[in-house]
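Chains A and B, in that order, are what the protein sequence lines are. Okay, so the first sequence: first residue is 1 according to this note's numbering, each after it adds one. Okay, so the second sequence: first residue is 330 according to this note's numbering, each after it adds one.
Honestly, the hints are just simulated from the structure, not real lab data. Idealized CB from N, CA, C, for every residue including glycine. Warning: the hint list may mix true and false statements.
[Claimed, not checked] Stretch by stretch, here's where chain A covers chain B in the computed footprint (C-beta under 8 Å, at least three residues):
1) 427-441
2) 533-547
3) 551-561
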Amino acid sequence: MSDAAIASSSGGFGTGARAVWDVVLPVVVVVAVIIGAWYVACVPMNIKEALTQAERAGAVVEPAGAKERRDMSAVGLALANSAYARDTLNQERPRLPAPHQVGQELWNTTGGMVLNGKAFSKRSLIYHGWVTLSATVLGFAIGTVAGVGLAIGIVHSRVMNMAVMPWAIASQTIPILAIAPMIIVVLNSIGVTGLLPKALISAYLSFFPVAVGMVKGLRSPDNMQLDLLSTYSASQSETFWKLRLPSSMPYFFTSMKIGMAASLVGAIVGELPTGAVRGLGARLLAGSYYGQTVQIWAALFAAAILAAVLVGVIGLLQRMTLKKMGMVH
Amino acid sequence: MDFEWLLGGFASLLAISYVNLQVANGGGRDQAITRLFVPVFFGIGLLILWEALVQGLGVPGVILPAPSAIWDRFTASTNILWVDFVQTFVKGALSGYVMGAIAAFAVALLVDRSDFLRRGLLPVGNFMAALPIIGIAPILVMWFGFDWQSKAAVVVVMVFFPILVNTVEGLRATERMQRDLMKTYAASYWQTLFKLRVPAATPFVFNGLKIATTLALIGAIVAEFFGSPIKGMGFRISTEVGRLALDMVWAEILVAAIAGSAFYGLVALIERRVTFWHPSQRRGR
Chain A
1 MSDAAIASSS GGFGTGARAV WDVVLPVVVV VAVIIGAWYV ACVPMNIKEA LTQAERAGAV
61 VEPAGAKERR DMSAVGLALA NSAYARDTLN QERPRLPAPH QVGQELWNTT GGMVLNGKAF
121 SKRSLIYHGW VTLSATVLGF AIGTVAGVGL AIGIVHSRVM NMAVMPWAIA SQTIPILAIA
181 PMIIVVLNSI GVTGLLPKAL ISAYLSFFPV AVGMVKGLRS PDNMQLDLLS TYSASQSETF
241 WKLRLPSSMP YFFTSMKIGM AASLVGAIVG ELPTGAVRGL GARLLAGSYY GQTVQIWAAL
301 FAAAILAAVL VGVIGLLQRM TLKKMGMVH
Chain B
330 MDFEWLLGGF ASLLAISYVN LQVANGGGRD QAITRLFVPV FFGIGLLILW EALVQGLGVP
390 GVILPAPSAI WDRFTASTNI LWVDFVQTFV KGALSGYVMG AIAAFAVALL VDRSDFLRRG
450 LLPVGNFMAA LPIIGIAPIL VMWFGFDWQS KAAVVVVMVF FPILVNTVEG LRATERMQRD
510 LMKTYAASYW QTLFKLRVPA ATPFVFNGLK IATTLALIGA IVAEFFGSPI KGMGFRISTE
570 VGRLALDMVW AEILVAAIAG SAFYGLVALI ERRVTFWHPS QRRGR
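Just chain A, same shape as in the assembly:
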């Protein structure tokens, strides 16, 4: 606090930069430590394979023979053969690919393909990411509209509240994702294919968080505010548009973030049972079939980036909307 006060006396810019630095520096350090630990972990994870290859190429390793090394501890092997540590970071099919390998693969399948003019080839992550993204967004839209609709019904109808709300809450404790393969196969068998089956899973997953969050939000005005509107003799729809809906906005955006993350998981899992054709989930499954670990990790990071962007966009909308409504400053 006192630091900030001193800094502010020396100029407004210093305070801002310092505050940003206070937020960013710890995160940067933590991420750097994680990446460092990742590199270190690569050595014992991949050392056996690296030594086998080095021995085949004619190098002398300690101890000789893959059989002797099989039951040794990986850390001990890594220490005894520290000369081959470099090899563990550049294997074709490592057990744990090094960060730069994943980054390279990510670039090769996204930016690199754009530069070659093959942005939407079947080997590009942009193509697979787009397949997953479209299912996610379509499902999210369906789920959000349905969730908000159900929440409005629950808030305005006593019997719906008593009958449906407990099921909406209980359904959150059920691993709905488990039925994803079944929905895909069943919808395929009755002729519904492509985007819609995956989107339905996404919709189902994002539906309940949005519904439960919106019920909370639409109920967030306190009695005093509701009483005020009833002294104005406001109708139920006026109360809804002028009080309930505006005050539900913070809840709306928070539950949309949860719903969006759930949607993406739904779309990825929905891609597994279709036999690994297209989409990020299909890349994961294909990678695990053929032992292409670098491909798995690249797909995983693509999914993570997608999730971060989607949730980030909602966060941005949240800030803009709430600022416009005067709810945050």
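Based on the hints, put chain B in the right spot on chain A.
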């Protein structure tokens, strides 16, 4: 098409809705029995409608089996379901859940000691909690083999971040006044931790633990889609879908639903016992 079934189904749903409407707006509407009766009755109504639609429209069992068929399958194959339950829930989900919770709690205590670490790890943890972590399942199956160990590993990673973030948040929940009081008692770090801050954190911790119950079951089931021994709920679901034996799939889903709700209920019950003092646990509202 069998109109008697359809008519009967819609008639009973209408009758149930009417009764529910009367009960929900009637005199005893705030009593506990009403609160239990209305949702249960509504659920029964939906089941009757489901049965009626399947029977009346002659929906083939490979698309949507009737509730009665699912129940028959459930009761007829309890031994298979039990084996799957033990493999996936007890060995995979439960052991991973316990390990993940302990690890998250330990890391939270560590992180809490350093303000720098907390400011660095909390955003990263929040970020990780929003990611599709389920995607690491194929990697962990590759590392830990096909048996339950890899499923437990997936569960550990999935439950770790929600519990970590909530616990760290909870450890900050004490007020300055309370911490000052402990200081005037000359309480050590550990005394303050166990007598004040951990108890104050329990509502947050249980929030994380409750979110993690569902994640644990999902993680264990989905990880089995990437490879498993010939038992387990996820294995059964994926193979029976392939054989179009959907009644068996629904029976597994029934098991998953019961296990998931019971697990959640158990954690919620423990929460009620442990955090009886918290305002959210007050009865009569």
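Checklist entry - Can you give the numbers of the hints that this structure goes against, from lowest to highest? => result 1
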